[in-house]
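Q: Position chain U relative to chain X; hints supplied.
In the order they appear, the protein sequences are chains X and U. Our numbering numbers the first residue of the first sequence as 50 and each following residue consecutively. Our numbering numbers the first residue of the second sequence as -3 and each following residue consecutively.
No wet-lab data here; the hints were simulated from the structure. It cannot be assumed that every hint is accurate.
Claimed, not checked - Chain U is nowhere near these chain X residues, computed Cβ spacing over 12 angstroms in every case:
1) Met172
2) Ser304
3) Lys350
4) Ser362
5) Ala391
Stated by the list, open to error - So the derived list for chain U, only partly shown, Cβ under 10 angstroms to chain X, looks like this:
6) Thr31
7) Val35
8) Gly72
9) Asn75
10) Phe96
11) Asn132
Please read these numbers as outputs of a predicted model, since none were measured by experiment. Built from N, CA and C at the ideal position, the CB exists for glycine as well.
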Amino acid sequence: MHRRFSLLRKPLIAGEKSLNDVTEDVARPLENKATPLWWAAFLVSATVLVIGVAAVTYEILTGIGTWGLNKSVGWAFDITNFVFWVGIGHAGTLISAILLLFRQRWRTSINRSAEAMTIFAVMCAGLFPLIHMGRPWNFFWIIPYPNFRGPLWVNFRSPLLWDFMAISTYFTISLVFWYIGLVPDLATLRDRTTSRIKGFFYRLFSLGWNGSCRNWSRYETTYLLLAALATPLVLSVHSIVSMDFATSVIPGWHSTIFPPYFVAGAVFSGFAMVLTLMIIARKVLSYEDYITIDHIEKMGKIILLTGGIVALSYLIEAFMAWYSGNQYERFVFANRAFGPYAWAFWLMIFCNVVVSQLFWIKKFRRNITLVFIASLFINVGMWFERFVIIVTSLHRDFLPSSWVMYKPTIIEIATLAGSFGLFFTLFLLFVRFVPFIAIGEVKGVLNYGKNTAEAHA
Amino acid sequence: MTTPYYLGIFENEADVLSATRKSREAGYAIHDVFTPYAVHGLDEAMGLKRNLLTWVCLGFALAGLLFAVWFQFWIGSINWPLNVGGRPFNSLPAYLPVMFELTVLVGGVGVVVVMLARNRLYPGKQEQLVDRAVTNDRFVIVLREEDASFDPKDVEQLWAQDGVVETREVKEATL
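Okay, chain U solo, but in the shape it has when bound:
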């Protein structure tokens, strides 16, 4: 990718929220916004779609639940029926605790693994930082200079309304 990036650094969340919204309304291609903490409403300002992780989690949780039901029935009634005090071999109430625990375990671990994979995060990954201060106290909007009409001056003017502290162009980077 040789599309150059244009980035602006901001000092607080209100500014970055407002500047992101304006940039999107002005039709710029927002590559990403980097923030030191989760800024609420920023995903909306960027126009991000709702992610599907909730459904992923539900899927894993159901998988855990069904596995627990099948596993306990198979062991208790088919593979090794054990007579405990003359009770029926396949008694669902006794299986509830393990069903619940496996639902939570598989659902929770599953959604975390998918989230990390989707974010392309893995142990020991070399970080690709847009600015070193972004994990401390700076907020950075990164635009893609996609079309020829992109004029840094316009962007700078737009961002100046929200107190941008620094703008710069990055020719080549993997962000």
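The shape of chain X in the complex, shown without the other chains:
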């Protein structure tokens, strides 16, 4: 009998699931009424979102002066949030594209939700540069189109323009990738729903999918091609984000290590966020058979790897600052570690370097409570990493007469909170209206590590 999977491997999906069980399990949260827990979570995140919207409205009506920025610290909270959210997105693309190319079949249980997380995170990220423009209604000036202002074109040498191109390409490709993955699952839901309204939308978006092998064959090729395109894309996005800093001549930013350092940090923070979300979701939606402890452990190993790269980057950055012999570079690093923002620096070191080392221990990686707590620490730590990079490089610049401190205003904090509100609101809507697990892909790995030939005979 022809066997596709090695029997030496453990099954990826626990419980003896049949094909129909998978459909039932994934469709359950979409077909049942929303639970009180969902409503509570939704109301909280929607309220926080409304607070954020109010803060942004006030800021736009009044001006950037409502933020704590000043003549020395021109970038602070908003760019920190931007880099933080873009970084979160990276884990989703890593799971969906890079793990697909490496044939890591365990990704099937988490890729749908991780990609959704990517899309929502990039949406949150995109808001911050938009708000920071001060006149967001003119944002389309960054698009190179023939216009009556000259025609005045954008500056293709500016990393900020590269960034706009990178983020918009990343968002588009992620959205297409996610949607194409959804089509067969929407067809599955279309063929079982009894509701007319849901049926209408499922039919609209499932594109008339009928499971034809000819279609599947082209579909699979396209999916693989998208993965192949998204793989360098995800590495490029955070590289380009890092160039926003690295191409300037600010001590602490002007460094060639930035692109790989940022990419590793992005994957690191993204996996922390995936773990935070998955550990909650598998419990609430009772998907323990799909997102098993083995999945959590494997994500823990990726955290360990990328956390290691991040720790090494911190070390190399500090070494290079000393080895360069440049007094400004040396000062910035001394100021980071022992200056007025030392608390943020050491918080970052603790959360990112110390906490991630715990993932060496197998018992720790397999303890869901501890992994959850660690993932929260890493989320916080990676936010502070960006804060430390941005603010400590600016607040004490070349002239001691222009040294200042930066403190976020209540408006900035409300905007950050609002972005979390947006993220969780979208994620909760996703849980209610879109299959959380890729039905079609999980069905393909059900036999993984099982002796189907014998079971069948």
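A: Here is chain U on its own, set in the frame of chain X:
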């Protein structure tokens, strides 16, 4: 088209793979096989040719790349030369990021559009299902009864080796 179809329903991927291979080897015209998920090796079992989407994607990607090169050079050096710190107007390294992004964007979106067009999938299309369970847990082989020698009994016998659960004839359908 009035060619009748003959279809067999199977319960798992190993059966449908084996039955498809046997049907093809026995010389039947396989119209299509419908499965709830992408069954690997089924396209080979059906004798499908490799599709050309990889080349389509390459074509789009190159188009995106060339457009980005031309567009940036045209703007930077011809239409509106802008002196940025005394650097040359046409500096390729500075154009690399946008070249890369447009390669990926045009290549990715292009191949998806072609794939959907080639599969004749579009928003709101009324699905033509061979069986309602095919998007859930059933695998269906559809044969075309092309010549007069087609005998359902032979097919049934062939498929019975792989545990077919149901066979039926469909007189007229657009599948």
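Q: Determine for every hint whether it applies to the structure shown.
A: Here is what the structure says about each hint:
The Cβ of X:Met172 lies farther than 12 angstroms from every Cβ of chain U, with a closest approach of about 18 angstroms, so its non-interface assignment holds. Under the 12 angstroms C-beta cut-off, the non-interface status given to X:Ser304 relative to chain U holds; the minimum distance is some 18 angstroms. Every CB of chain U is more than 12 angstroms from the CB of X:Lys350 (nearest about 27 angstroms), matching its label as outside the interface. Taking the minimum C-beta to C-beta distance to chain U, about 22 angstroms, the non-interface status of X:Ser362 holds against the 12 angstroms cut.
A cut-off of 12 angstroms between C-beta atoms confirms that X:Ala391 is not in contact with chain U; the least separation is 35 angstroms. Of the supplied interface hints, the one on U:Thr31 holds, with its beta-carbon coming within about 6 angstroms of a beta-carbon of chain X, less than 10 angstroms. With a cut of 10 angstroms, the hint placing U:Val35 at the interface with chain X holds, because the nearest CB-to-CB distance is about 7 angstroms. Nearest Cβ of chain X to the Cβ of U:Gly72: about 6 angstroms, under the 10 angstroms cut. The hint holds.
Proximity of U:Asn75 to chain X holds as hinted, the smallest CB-CB distance being about 7 angstroms (cut-off 10 angstroms). Because the smallest distance between the Cβ of U:Phe96 and any Cβ of chain X comes to about 6 angstroms, under 10 angstroms, the interface hint for this residue holds. Annotation: interface hint on U:Asn132 holds; nearest CB of chain X at approximately 5 angstroms, less than 10 angstroms.
Every hint, counting from the list given before, is met by this structure.
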